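S.K.: Kindly produce the complete structure, drawing on both the sequences and the hints.
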Amino acid sequence: MSKRTMTLNLTDAEMGVLENLCAKKDLSKIGVIRQALRLYQMVDVRLERGDKLFFEDDKTKDKSEVMML
Amino acid sequence: MTYGISAEWSKKMLAFDEHVTPGAGALATRPHVDPDAVSLRVEETRLVFGHFINVARRQRRLTIEKLADDADIEVGELLSIEQDPHYEPDLRTVWGLSNALDLPQPKLMELAGLAVPKEGHWLEEVTRYAARSAPIKDVTPDEQAFHDAVVAALTMKAT
Amino acid sequence: MTAYQVHLFDAAAGAMVEAELHDEIAEKQLIDWQFQWRPAVQTYMKRLVDNGIGPADTAWPQSWHWDWRGKMNEVRGLLGHIGYSVVCRDVTQGMMRLDLASRRARLDSQAGQDLVYVDYLEVAPWNWREPYADAPIYRLVGPVLMHAAITRSVEEGFKGRLGLHSLPQAIPFYERCGFTNLGTRPDEYEGKLPYFESTPGAAEAYLKGELK
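If you read the protein sequences in the order shown, they are chains A, B and C.
With my numbering applied, the first sequence corresponds to residues 1 to 69, in that order.
With my numbering applied, the second sequence corresponds to residues 70 to 228, in that order.
With my numbering applied, the third sequence corresponds to residues 229 to 440, in that order.
Hints are computed from structural coordinates only; laboratory data are not their basis.
Please read these numbers as outputs of a predicted model, since none were measured by experiment.
Treat the hints with caution; some may be incorrect.
Between beta-carbon pairs, the in silico distance windows are [what the hints assert, rightly or not]:
{"#": "1", "chain 1": "A", "residue 1": "L21", "chain 2": "B", "residue 2": "G145", "range": "58 to 66 angstroms"}
{"#": "2", "chain 1": "A", "residue 1": "R49", "chain 2": "C", "residue 2": "A239", "range": "41 to 49 angstroms"}
{"#": "3", "chain 1": "B", "residue 1": "R129", "chain 2": "C", "residue 2": "E383", "range": "40 to 48 angstroms"}
{"#": "4", "chain 1": "B", "residue 1": "G145", "chain 2": "C", "residue 2": "E383", "range": "34 to 42 angstroms"}
{"#": "5", "chain 1": "A", "residue 1": "K29", "chain 2": "B", "residue 2": "L172", "range": "50 to 58 angstroms"}
{"#": "6", "chain 1": "B", "residue 1": "A76", "chain 2": "A", "residue 2": "L10", "range": "45 to 53 angstroms"}
{"#": "7", "chain 1": "C", "residue 1": "G298", "chain 2": "B", "residue 2": "D217", "range": "23 to 31 angstroms"}
{"#": "8", "chain 1": "A", "residue 1": "R49", "chain 2": "B", "residue 2": "T71", "range": "36 to 44 angstroms"}
{"#": "9", "chain 1": "B", "residue 1": "L172", "chain 2": "C", "residue 2": "Y360", "range": "36 to 44 angstroms"}
{"#": "10", "chain 1": "C", "residue 1": "D362", "chain 2": "B", "residue 2": "A214", "range": "51 to 59 angstroms"}
{"#": "11", "chain 1": "C", "residue 1": "G298", "chain 2": "B", "residue 2": "L116", "range": "22 to 30 angstroms"}
{"#": "12", "chain 1": "C", "residue 1": "Y417", "chain 2": "A", "residue 2": "T11", "range": "16 to 24 angstroms"}
If the Cβ cut is set under 10 angstroms, some of the chain B residues that face chain C in the computed set are [as the list claims (entries may be wrong)]:
{"#": "13", "residue": "G92"}
{"#": "14", "residue": "E193"}
{"#": "15", "residue": "T196"}
{"#": "16", "residue": "A199"}
{"#": "17", "residue": "A200"}
Heads up, simulated DSS-like pairs for lysine-lysine below, C-alpha to C-alpha not over 30 angstroms straight-line [claimed, not checked]:
{"#": "18", "chain 1": "C", "residue 1": "K440", "chain 2": "B", "residue 2": "K80"}
{"#": "19", "chain 1": "C", "residue 1": "K440", "chain 2": "C", "residue 2": "K387"}
{"#": "20", "chain 1": "B", "residue 1": "K81", "chain 2": "C", "residue 2": "K440"}
{"#": "21", "chain 1": "A", "residue 1": "K52", "chain 2": "A", "residue 2": "K25"}
{"#": "22", "chain 1": "A", "residue 1": "K52", "chain 2": "B", "residue 2": "K135"}
{"#": "23", "chain 1": "A", "residue 1": "K61", "chain 2": "C", "residue 2": "K440"}
{"#": "24", "chain 1": "B", "residue 1": "K80", "chain 2": "C", "residue 2": "K256"}
{"#": "25", "chain 1": "B", "residue 1": "K81", "chain 2": "C", "residue 2": "K387"}
{"#": "26", "chain 1": "C", "residue 1": "K420", "chain 2": "C", "residue 2": "K274"}
{"#": "27", "chain 1": "A", "residue 1": "K24", "chain 2": "C", "residue 2": "K256"}
{"#": "28", "chain 1": "A", "residue 1": "K52", "chain 2": "C", "residue 2": "K436"}
{"#": "29", "chain 1": "C", "residue 1": "K274", "chain 2": "C", "residue 2": "K256"}
{"#": "30", "chain 1": "C", "residue 1": "K420", "chain 2": "A", "residue 2": "K63"}
{"#": "31", "chain 1": "C", "residue 1": "K387", "chain 2": "A", "residue 2": "K3"}
{"#": "32", "chain 1": "B", "residue 1": "K81", "chain 2": "C", "residue 2": "K436"}
{"#": "33", "chain 1": "A", "residue 1": "K24", "chain 2": "A", "residue 2": "K61"}
{"#": "34", "chain 1": "C", "residue 1": "K387", "chain 2": "B", "residue 2": "K80"}
By construction, the Cβ of each residue, glycine as well, lies at the ideal position given by its N, Cα and C atoms.
M.R.: In structure tokens:
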């Protein structure tokens with residue numbers, strides 16, 4: 001599979017978050033970014049279909065709307 | 070680490086055979102249908118279903134686009150339901166139509182051939198009614214010409 | 229598409245046979261599913277009915293109605309969902325669809341960690357072990373797919389963690405794989421499919437072929 005190279009310029013805060021996620025998930029930076037891209041695309045496709053993205057409170061079963069187009 | 074698998078690994082795994090069929094994932098939502106009961110009966114009821122949806126839509130003065138939109142289904146699907154007797158509608162499609170037309174879902178599923186009726190007589194009655202109520206449209210000039218040509222060919226004496 | 233050499237067991241010949249693992253589910257697989265798998269399932273179901281078995285019986289094949297074409301259309305173009313297939317003698321013998329990104333581990337020792345989730349896994353009907361079915365033609369299709377899923381999990385940095393909901397008749401298979409059975413939940417798949425997870429330890433043992 002051919003790969004393409006990109007340089008990312010992140011702020012200190014952004015890099016901080018990325019490094020935290022890497023540590024928490026025990027993934028490399030590219031691993032975290034790949035997961036983020038995959039999820040972002042999945043969410044985008046569902047939103048386009050008209051679905052809504054919710055978080056549900058596990059105890060109360062209340063839904064709060066997270067994202068809309 | 071590689072995706073290739075050696076014969077040695079495979080031989081080792083043979084010893085751990087549980088003699089069951091591997092499988093994973095969600096069961097489909099389509100209700101189970103006895104394949105014997107499916108056969109001819111379903112083709113008949115699907116004809117009635119398609120005809121009924123067509124009449125129900127026109128009675129409510131809905132275009133195909135509007136009903137498809139209300140039922141959240143594709144226009145192509147609705148066209149197939151109304152016009153193609155071999156078309157097998159989806160569970161979700163019939164559910165959408167039952168909502169859009171405000172009709173009881175379980176019986177509509179039976180009419181659509183997606184569920185085995187617990188009591189089958191109502192389907193037979195509905196089928197008979199459909200046959201009786203089919204309109205007798207006037208034959209168009211083209212159709213008349215076609216009819217005459219076929220009759221002439223049928224009655225032509227062999228030479 | 230990349231094809232990797234794998235080995236299945238040809239039951240009739242009583243010997244290993246070379247096969248291919250493909251890192252995708254392509255049109256060829258869907259054609260095989262539509263024109264070879266599905267008719268074989270219909271034949272099998274007719275045999276069940278002839279033997280007096282109907283939908284309410286536990287012997288009823290649970291995956292007969294899966295629409296693989298629909299399942300792959302659902303995820304077309306998505307990076308987070310991928311397919312693998314096993315082909316032998318130019319016929320598709322098994323397929324699986326994976327979710328790389330949207331699921332997280334539940335087992336206490338790895339709760340919240342990313343893993344590879346098996347959305348769907350099915351082997352061709354002529355390889356089934358079911359009552360009234362003919363003896364399987366090829367064995368090891370399931371293990372080959374599991375090996376691929378675990379390998380992908382390792383490649384992603386998830387250390388071999390896998391998650392899946394097992395079809396009821398396949399439970400002994402995943403138990404033998406060394407996966408942990410976390411049971412069913414009433415709000416998941418109508419409480420019918422138990423959820424299994426593999427740990428890095430179980431995955432490593434599996435890749436080495438060292439099961440207990």
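S.K.: Decide if the proposed pair is consistent with the structure: B:K81 and C:K440, CA atoms, cutoff 30 angstroms inclusive.
M.R.: 11 angstroms, holds
S.K.: Hint validation: B:T196 versus chain C, beta carbon distance must be below 10 angstroms. Holds or violated?
M.R.: Because about 24 angstroms separates B:T196 from the closest Cβ in chain C, which is outside the 10 angstroms limit, the hint is violated.
S.K.: Between A:K24 and C:K256, does the CA-CA distance stay at or below 30 angstroms?
M.R.: 41 angstroms, violated
S.K.: With respect to the beta-carbon atoms only, verify the hint that C:G298 and B:L116 lie 22 to 30 angstroms apart.
M.R.: Holds: the Cβ-Cβ distance is about 25 angstroms, inside 22 to 30 angstroms.
S.K.: Between C:G298 and B:D217, does the C-beta distance stay in 23 to 31 angstroms?
M.R.: Violated - the Cβ-Cβ distance for C:G298 and B:D217, about 48 angstroms, lies outside 23 to 31 angstroms.
S.K.: CA of C:K440 to CA of C:K387, is that 30 angstroms or under?
M.R.: Satisfied, since the Cα-Cα distance of roughly 20 angstroms is no more than 30 angstroms.
S.K.: Could you tell me whether the CB distance from B:A76 to A:L10 stays inside 45 to 53 angstroms?
M.R.: With Cβ atoms ~48 angstroms apart, the hint holds.
S.K.: With a cut-off of 10 angstroms, does the beta carbon of B:A199 approach a beta carbon of chain C closely enough for the hint to hold?
M.R.: 28 angstroms, violated
S.K.: Take a quick look at whether B:K81 and C:K436 sit within 30 angstroms of each other, Cα to Cα.
M.R.: 9 angstroms, holds
S.K.: Between B:K80 and C:K256, is the straight-line Cα distance small enough, at 30 angstroms or below?
M.R.: Holds, at roughly 28 angstroms.
S.K.: If I claimed the Cβ atoms of B:G145 and C:E383 lie 34 to 42 angstroms apart, would that claim hold in this structure?
M.R.: 40 angstroms, holds
S.K.: Return holds or violated for the Cβ distance of B:L172 and C:Y360 against the range 36 to 44 angstroms.
M.R.: 39 angstroms, holds
In this structure, the hints that do not hold are numbers 1, 3, 7, 12, 14, 15, 16, 17, 23, 27 and 28, in rising order.
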